[in-house]
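Engineer: Chain residues, written in single-letter form:
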Amino acid sequence: MKRTSRYANMLALTLSLVLVLSACSGNGGANSTNTGANAAGGGQAAEGEDLTYALATSPDSLDPHKSGLAVASRVYRGIFDNLVVKLPDNTIKPWLATEWSFSEDGKSYTFKLRKDVKFHDGTPFNAEAVKFSYDRIIDPQAVVGNAANLLAPYESSQVIDEYTIKLNLKRPSQAFLSNLTIPAVAIVSPAGVKKYGDQFGKHPVGTGPFKFVKWDENAEIKIERNPDYKWAPETTENKGAPYLDSVTFKIVPEEATRIGSVQSGQALAAETVPPQNILTLKSDPNFQLLQVNTLGLPYTLFINQKKAPWNELKARQALQYGIDVGTIVKTLYLGTYEQAWSSLTPGIFAYDKSLENGLQPDANKANQLLDELGWVKGADGFRVKDGKRLTLHYVDGTPNREKRNDIAAIIQQQLKKIGVDVKIEITKDVATVVYTNGNYDFYGNSQVNVDPNALYAFYHTAAPNQRPTLPNFSNPEVDKLLEQGAIEKDDAKREEIYKKVQQLIRDQAVIIPIYVFPYTVGAAKSVQGLKFDLVGYPLFNDVRIQK
Amino acid sequence: MVRAVVGRFATSLLVILGSCILVFTILYLLPGDPVDTILDPSTATPEMIANLRHQLGVDQPFHMQFLNYFGKLLQGDFGKSLLNADPVLPKIWVNLPPTLALTLAGSAISVIIGVLLGVLSAIHRNKPIDIIARLVGLFGISMPTFWSGILLLLIFSIHLGWLPAMGSNGWKTLVLPSLTLGIVGAGFIVRMVRNSMLEVINEQFIVTLRSKGLSEKVIMYRHALRNALIPAITMIGMLMGEMLAGAVVSETVFSRQGIGRLIADAIMAKDLPVVQGVVLFSAIMYVIVNLLVDISYTFIDPRVRRSV
Numbered sequence: 001m002k003r004t005s006r007y008a009n010m011l012a013l014t015l016s017l018v019l020v021l022s023a024c025s026g027n028g029g030a031n032s033t034n035t036g037a038n039a040a041g042g043g044q045a046a047e048g049e050d051l052t053y054a055l056a057t058s059p060d061s062l063d064p065h066k067s068g069l070a071v072a073s074r075v076y077r078g079i080f081d082n083l084v085v086k087l088p089d090n091t092i093k094p095w096l097a098t099e100w101s102f103s104e105d106g107k108s109y110t111f112k113l114r115k116d117v118k119f120h121d122g123t124p125f126n127a128e129a130v131k132f133s134y135d136r137i138i139d140p141q142a143v144v145g146n147a148a149n150l151l152a153p154y155e156s157s158q159v160i161d162e163y164t165i166k167l168n169l170k171r172p173s174q175a176f177l178s179n180l181t182i183p184a185v186a187i188v189s190p191a192g193v194k195k196y197g198d199q200f201g202k203h204p205v206g207t208g209p210f211k212f213v214k215w216d217e218n219a220e221i222k223i224e225r226n227p228d229y230k231w232a233p234e235t236t237e238n239k240g241a242p243y244l245d246s247v248t249f250k251i252v253p254e255e256a257t258r259i260g261s262v263q264s265g266q267a268l269a270a271e272t273v274p275p276q277n278i279l280t281l282k283s284d285p286n287f288q289l290l291q292v293n294t295l296g297l298p299y300t301l302f303i304n305q306k307k308a309p310w311n312e313l314k315a316r317q318a319l320q321y322g323i324d325v326g327t328i329v330k331t332l333y334l335g336t337y338e339q340a341w342s343s344l345t346p347g348i349f350a351y352d353k354s355l356e357n358g359l360q361p362d363a364n365k366a367n368q369l370l371d372e373l374g375w376v377k378g379a380d381g382f383r384v385k386d387g388k389r390l391t392l393h394y395v396d397g398t399p400n401r402e403k404r405n406d407i408a409a410i411i412q413q414q415l416k417k418i419g420v421d422v423k424i425e426i427t428k429d430v431a432t433v434v435y436t437n438g439n440y441d442f443y444g445n446s447q448v449n450v451d452p453n454a455l456y457a458f459y460h461t462a463a464p465n466q467r468p469t470l471p472n473f474s475n476p477e478v479d480k481l482l483e484q485g486a487i488e489k490d491d492a493k494r495e496e497i498y499k500k501v502q503q504l505i506r507d508q509a510v511i512i513p514i515y516v517f518p519y520t521v522g523a524a525k526s527v528q529g530l531k532f533d534l535v536g537y538p539l540f541n542d543v544r545i546q547k
Numbered sequence: 001m002v003r004a005v006v007g008r009f010a011t012s013l014l015v016i017l018g019s020c021i022l023v024f025t026i027l028y029l030l031p032g033d034p035v036d037t038i039l040d041p042s043t044a045t046p047e048m049i050a051n052l053r054h055q056l057g058v059d060q061p062f063h064m065q066f067l068n069y070f071g072k073l074l075q076g077d078f079g080k081s082l083l084n085a086d087p088v089l090p091k092i093w094v095n096l097p098p099t100l101a102l103t104l105a106g107s108a109i110s111v112i113i114g115v116l117l118g119v120l121s122a123i124h125r126n127k128p129i130d131i132i133a134r135l136v137g138l139f140g141i142s143m144p145t146f147w148s149g150i151l152l153l154l155i156f157s158i159h160l161g162w163l164p165a166m167g168s169n170g171w172k173t174l175v176l177p178s179l180t181l182g183i184v185g186a187g188f189i190v191r192m193v194r195n196s197m198l199e200v201i202n203e204q205f206i207v208t209l210r211s212k213g214l215s216e217k218v219i220m221y222r223h224a225l226r227n228a229l230i231p232a233i234t235m236i237g238m239l240m241g242e243m244l245a246g247a248v249v250s251e252t253v254f255s256r257q258g259i260g261r262l263i264a265d266a267i268m269a270k271d272l273p274v275v276q277g278v279v280l281f282s283a284i285m286y287v288i289v290n291l292l293v294d295i296s297y298t299f300i301d302p303r304v305r306r307s308v
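Here the protein sequences line up with chains A and B, keeping their order.
According to the numbering used here, the first sequence holds residues 1 to 547 in order.
According to the numbering used here, the second sequence holds residues 1 to 308 in order.
Calculated directly from the structure, the hints in this document are not laboratory data.
Incorrect hints may appear among the rest.
Quick list of in silico lysine-lysine cross-link-like pairs, BS3-like style, CA-CA up to 27 Å [as the list claims (entries may be wrong)]:
#1 B:K80 <-> A:K428
#2 B:K172 <-> A:K194
#3 B:K80 <-> A:K547
#4 A:K314 <-> A:K385
#5 A:K214 <-> B:K80
#6 A:K214 <-> B:K172
#7 A:K202 <-> A:K214
#8 A:K195 <-> B:K127
#9 B:K80 <-> A:K202
#10 A:K202 <-> B:K72
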């Protein structure tokens, strides 16, 4: 009997240890939640108005100037504000700035700022804060991030008086004002940055509708309403403090769990709904599906123009005819993603709608073009010229994000029919394979942006000392148009310029546009007023939860 | 016995040092650049990349990087995350309790189900209970953790709504993930206990005990089981390693905080200091568990006690 009791003791010990440990982690969470509620204070307790929002991945940092991840923007969007905002009709409206003017030479902008704005830490918002934020973005010693590219060609700023600031540019840019609307170039609290230093991304302080409360790593991030907020931009109806008490972002990487958490009521909304669940959620009366196409460059396969035989127009056109993009998009995304037709996404300024449905797959034309180039089909069905097989080196970065590996696999099958041997290389080391060595024929990429000037970085001839662009494309006419588009002040003319660019890119068969990425959110019916900004980031200002 | 323990301890330190070097080398040799995790390769300028590389010290030769890392390690500095400049050690401490709770609960479930079914199936050989136990064993071993995890989640969380699908606060969130982990371990233990029980039952000393007229219950539970448990306990020690690996999947499926999620995310992001820190930490844990398992033999088997 003594023995049995010893085993029983060991078991009891293990079990109690388990309980204590789980209680420990449980308490940790509960305590910090309490502090959050106390900090909210002020008796504003409209009880339980917390929106739980399941994210697909964990943000890296909530420092807008530092983070490069879209998922981080979705969280910090609510904490920070920008100087200006862009509306769906592509007009730019006031936010933290009330009005602005630009100099004749287009190289400086002067902004008048709101005088009634305070950061979450109580410090007043003013021209110094704007100067501090923008100088921080371009200072490689302060932060290293992608915001610097968005802020280019910003050079310096001058504080004219407490609420007036002049921004100086290195060269005129019509995209600059648009880019100031992107969350990554939001205004941060100078006092907050000084206080937290390189940990600012863990303790973000802004002027936004929500204040940061806590971040339990890999579990959740909580933000609460900023009761003083009254400077919302035109994108939201509610100009004052949000209706919600708080938003809790749960980090739920597993698709089934994320969607399941909405279905079982543990979360009120979940982002990035996979195509197979989109259809289920759409047909379920208890849920709503919110879908918004992101702006910028669609997911695009860039054809490396430097590598034979794809340096020849006819060869690239054969790819245009040989790849049935419509079938790929329908097969993989079950009709939930839109097919892309241009180098830009629909909805962005100057998108050329006339390109839609313009180019249809045609295997005969593809075969004919390759025949004309002297590529002859061999016994195995693949084409050969001068003893060399017609191959296409398709590079893709893992993992299978948005089924991009599957796109490669389908294209391999489709191009086999016209005699092209597609070699797929899936690598995590895209930086070396693609950007350093340029060892690819096909490489896919997409970019979120709000201005067609985004095309410049991809299609303008790279300067000799600069890294080559993805398609390695060089066309004097396109170069000239892109340069004009960057400075053209007349919107109508500017629109014409970018439409011409899109047509030239299509005619020169520089790329194969594949799909427009929709940001999808599945939410309970009770969630009302959830909106999205132009680049697809959620806005919680108007959200109410109907009991 | 003290000498033996000290010896084991020294070997353990060597194991930890070895894993430290191994991990550093593998991560160093892997293609890709930590700079890519911080900067978007499509937009970063060459100067930005060069600056950052210098700041991170990854432009130095291998041995310098290693010495640098190891020197700091000895001072208890596990480095900072590349992603958000968080120090690594506090990250591990925060994530440790939920993982410990998960692996301990998982192990407890494995042991309880495994030993119980293993013994019953050996005693009632070829009876229905034996067949059920063998099926459970087969199921546990052959089901991938992510699959059984999602299955449990669909049934108990989404359809029945009994238990939460995610989180790591409180005991309720522990049930499904630890069950997911426990099922795998239980599969192995059922088989192990059943086999060794059957072996022991056929041994001479059992026949002797029977002839002495001892009751079947006493023979089975006091004598046979005790002898059969030795291999099972080795198994449990090894399972702790499996548990840590399984925790990666279980924590991802059930969105728990923990060491498993921490390292999985760090690997995806090529956040080297975090990967190194967690691997080193896990190596230490693994070594300690094995040490404990070795010592626990002495309580169960007098022969081992004498030889140690």
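Engineer: If a hint holds in the structure, say so; if it doesn't, say that too.
Structural biologist: Outcome of the hint check:
no., hint, result
1, B:K80 <-> A:K428, "holds (23 Å)"
2, B:K172 <-> A:K194, "violated (41 Å)"
3, B:K80 <-> A:K547, "violated (45 Å)"
4, A:K314 <-> A:K385, "holds (15 Å)"
5, A:K214 <-> B:K80, "holds (20 Å)"
6, A:K214 <-> B:K172, "holds (23 Å)"
7, A:K202 <-> A:K214, "holds (8 Å)"
8, A:K195 <-> B:K127, "violated (70 Å)"
9, B:K80 <-> A:K202, "holds (14 Å)"
10, A:K202 <-> B:K72, "holds (24 Å)"
The structure does not agree with the numbered hints 2, 3 and 8 stated previously, though it agrees with the rest.
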